[in-house]
Amino acid sequence: MSKKDLNRSLRLALIAVACSLAFFGSGLFAPPAAQAVPSFARQTGMNCIACHTDFFLLNEYGRNFKLSGYTFAAGGSNLPPISFMVQPSFTQTGRGIEGGAAPRFAANSNFALTQASAFYAGRLFGPYAEPLFGASAAAIMNKFGTFIQVTYDGVANRFHWDNVEFRFADTATMFGKPVTYGFYLNNNPGMSDLWNTTPVWGFPFSKSGLAPTPAAATLVNGGLSQQVGGVGGYMMIANTIYLELAAYHTLSTPFQYAMGIDPTGQTQIPGAAPYWRLAYTKTVGNSSYMVGLFGLAAHTYPGRDNSAGRDKIVDFGFDAQYQTSIDKHDITVLLSGIYEKQTWNASQQLGLASNPSDRLYEVKATVDYLYDKTYGGAISYFAVNGSRDPLLYSGSASGLPTSNGLILQANYIPFNKKGGPAFWPKSNLKLSVQYIIYNRFDGAHTNFDGAGRNARDNNTLYLEAWFAF
Amino acid sequence: MKTKTFLLSSLLLLGTALNLNAAEPVKRVTISGYDTMKFSVTTIEVKPGQPIIVELKNEGSMPKDAMGHNWILLKAGADPLAYVAAAANAKAENYQPKAMANRVIASIGLLGPKEHGVTSFTAPKEPGTYHYVCSFPAHTQAGMRGTLVVK
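Keeping their order, the protein sequence lines are chains L and F.
For the first sequence, the residue numbers in this note's numbering are 2 to 470.
For the second sequence, the residue numbers in this note's numbering are 22 to 172.
No lab work stands behind these hints, which were simulated from the structure alone.
The reader is advised that the hints may include incorrect statements.
Lysine-lysine pairs mimicking DSBU-like chemistry, simulated, CA-CA at most 30 Å apart [claimed, not checked]:
| no. | chain 1 | residue 1 | chain 2 | residue 2 |
| --- | --- | --- | --- | --- |
| 1 | F | Lys-96 | L | Lys-144 |
| 2 | L | Lys-144 | L | Lys-283 |
| 3 | F | Lys-135 | L | Lys-329 |
| 4 | L | Lys-419 | F | Lys-78 |
| 5 | L | Lys-208 | L | Lys-329 |
| 6 | F | Lys-48 | L | Lys-418 |
| 7 | F | Lys-112 | L | Lys-283 |
| 8 | L | Lys-178 | F | Lys-172 |
| 9 | F | Lys-119 | L | Lys-313 |
| 10 | L | Lys-329 | F | Lys-78 |
| 11 | L | Lys-329 | L | Lys-419 |
| 12 | F | Lys-112 | F | Lys-68 |
| 13 | F | Lys-172 | L | Lys-419 |
| 14 | F | Lys-68 | L | Lys-418 |
| 15 | F | Lys-135 | L | Lys-418 |
| 16 | L | Lys-144 | F | Lys-85 |
| 17 | F | Lys-85 | L | Lys-178 |
| 18 | F | Lys-85 | L | Lys-313 |
| 19 | F | Lys-78 | F | Lys-48 |
| 20 | L | Lys-144 | F | Lys-172 |
| 21 | F | Lys-48 | F | Lys-119 |
| 22 | F | Lys-135 | L | Lys-419 |
| 23 | F | Lys-119 | F | Lys-146 |
| 24 | F | Lys-78 | L | Lys-313 |
| 25 | F | Lys-96 | F | Lys-172 |
| 26 | F | Lys-119 | L | Lys-419 |
| 27 | L | Lys-283 | L | Lys-418 |
| 28 | L | Lys-342 | L | Lys-313 |
| 29 | F | Lys-85 | F | Lys-146 |
| 30 | F | Lys-48 | F | Lys-96 |
| 31 | L | Lys-419 | F | Lys-146 |
| 32 | F | Lys-135 | F | Lys-172 |
| 33 | L | Lys-313 | L | Lys-144 |
Construct the entire structure; sequences and hints are all you get.
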């Protein structure tokens, strides 16, 4: 990026942030009453900081809230559990993308609305269970919780359902130990996770939709998001052992279209694919740690084509988290690795894969830091590697899936510590600058696509203002 | 004569008992509360009627309104989860509902980061297990609880 381009980018970004602040501060979204949103904060009566460090990274309180099926309440709010999120952004890549970064966008230096989402999240019946069902029935009904996100994707210019989950959760005693257990229905394997180490809620928590991303990813890393329906159960024993088991099945084409998802080319699971999770967690003073395993096994139709039999994909993941709070310093270390074994019984016959079987590996290590609950940053190393397969990775001149690099991010979260403006105290804002540096991209450091594009051409500067209210 | 002897014996026994009780050393306990919603001490053993001094230190760094800690010792038979369920809706009373004050033996009020509080009381004379909790919303469920064992 030339110095002139960089200056222009920063100038544009500052304008974007200033416009966003002016918009937010104008009170255009001021509610009729000075009640707090987002809905979880309103339900618990606390600010975002109670559950998150650098949102949406969960802390111990947040993990327990999620374990409770989003049902814990202490706020006494009378408003329905509805809240919103808006993410205006600016993206610049090392080199522009011929034909535009996406339809309707320029080759480079693009402003966009990354996402605008509405949430119905909290107790299923909000604060209305008792008036609706009476006190005794409400005690049961208030154990049902939900997280429903509907999103407008400003890059693809479409509305679609996003992560959606319904839960039932309760507590019990087993062999003298306290147990929190629950059941869920959701549309994304790993959505239930508590530690931000598995892909659904992993770092980075937000990124550009207008920059190239590596072609290779494991199935559990976003390959099934919003395309499947799953039912699962979990339990946390003595706040130490976490067990979870679920099964996922690809949703019907008409249903997906109705939810705003285009099923064309999807990896289809015609049967039931098990997802599992096991974790050991412990707290020591103001610190906590977790080590865990997770995975997914699926028989699949490639591109929803059932004419050549089924492939088999098995993901084995490990993860770990260390989180500590020392005076004004909050530090979270996130580690994860996924090994994927791919057996291409169908894909090879259909000419989609060169080999009868392949391997794929993903690794991610992130350190997230927050000072005084307000100023923070993160550095993350990521790598994907695996078998050479020219058909499977047709966009790579070498036929390799190899990509690796660093993500650097700086955050300013002005309302995190004490809550939002007086007219909307349970709101939050995160201003972030993210820079992704690719060392290798889709198999090579230089000329990875055979057309002269280098890995560094995909380096991405991403500026975002993330409003939650 | 018999009556006089009985009265003297009774007084002597009572005096011995009182003297023994007074001689029982004071039990001092310091408990730390953390942002991870745990107490550093989860079991306290005392003798019936033993004097106790409990100090609670909030060693966390999160704001009081998001992660305050208190220490509530409940009477025998009091359900800790029922108490904290009521406490969750008693923010105005610092999560110590006055309506359930008759179920509490001793308490230390809500503390912010780096604050500490002290309470002194006499252990129940009935041997048994007595629960103590942090009644800040959801903290007990997350494991911030313990037991006073009188034996």
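Evaluation of the provided hints:
| no. | hint | result |
| --- | --- | --- |
| 1 | F:Lys-96 with L:Lys-144 | holds (28 Å) |
| 2 | L:Lys-144 with L:Lys-283 | holds (26 Å) |
| 3 | F:Lys-135 with L:Lys-329 | holds (12 Å) |
| 4 | L:Lys-419 with F:Lys-78 | holds (23 Å) |
| 5 | L:Lys-208 with L:Lys-329 | holds (27 Å) |
| 6 | F:Lys-48 with L:Lys-418 | violated (39 Å) |
| 7 | F:Lys-112 with L:Lys-283 | holds (29 Å) |
| 8 | L:Lys-178 with F:Lys-172 | holds (22 Å) |
| 9 | F:Lys-119 with L:Lys-313 | violated (61 Å) |
| 10 | L:Lys-329 with F:Lys-78 | holds (18 Å) |
| 11 | L:Lys-329 with L:Lys-419 | holds (14 Å) |
| 12 | F:Lys-112 with F:Lys-68 | violated (34 Å) |
| 13 | F:Lys-172 with L:Lys-419 | violated (46 Å) |
| 14 | F:Lys-68 with L:Lys-418 | violated (44 Å) |
| 15 | F:Lys-135 with L:Lys-418 | holds (17 Å) |
| 16 | L:Lys-144 with F:Lys-85 | holds (27 Å) |
| 17 | F:Lys-85 with L:Lys-178 | holds (29 Å) |
| 18 | F:Lys-85 with L:Lys-313 | violated (51 Å) |
| 19 | F:Lys-78 with F:Lys-48 | holds (17 Å) |
| 20 | L:Lys-144 with F:Lys-172 | violated (38 Å) |
| 21 | F:Lys-48 with F:Lys-119 | holds (28 Å) |
| 22 | F:Lys-135 with L:Lys-419 | holds (18 Å) |
| 23 | F:Lys-119 with F:Lys-146 | holds (25 Å) |
| 24 | F:Lys-78 with L:Lys-313 | violated (55 Å) |
| 25 | F:Lys-96 with F:Lys-172 | holds (15 Å) |
| 26 | F:Lys-119 with L:Lys-419 | holds (28 Å) |
| 27 | L:Lys-283 with L:Lys-418 | holds (26 Å) |
| 28 | L:Lys-342 with L:Lys-313 | holds (8 Å) |
| 29 | F:Lys-85 with F:Lys-146 | violated (35 Å) |
| 30 | F:Lys-48 with F:Lys-96 | holds (19 Å) |
| 31 | L:Lys-419 with F:Lys-146 | violated (45 Å) |
| 32 | F:Lys-135 with F:Lys-172 | violated (33 Å) |
| 33 | L:Lys-313 with L:Lys-144 | violated (37 Å) |
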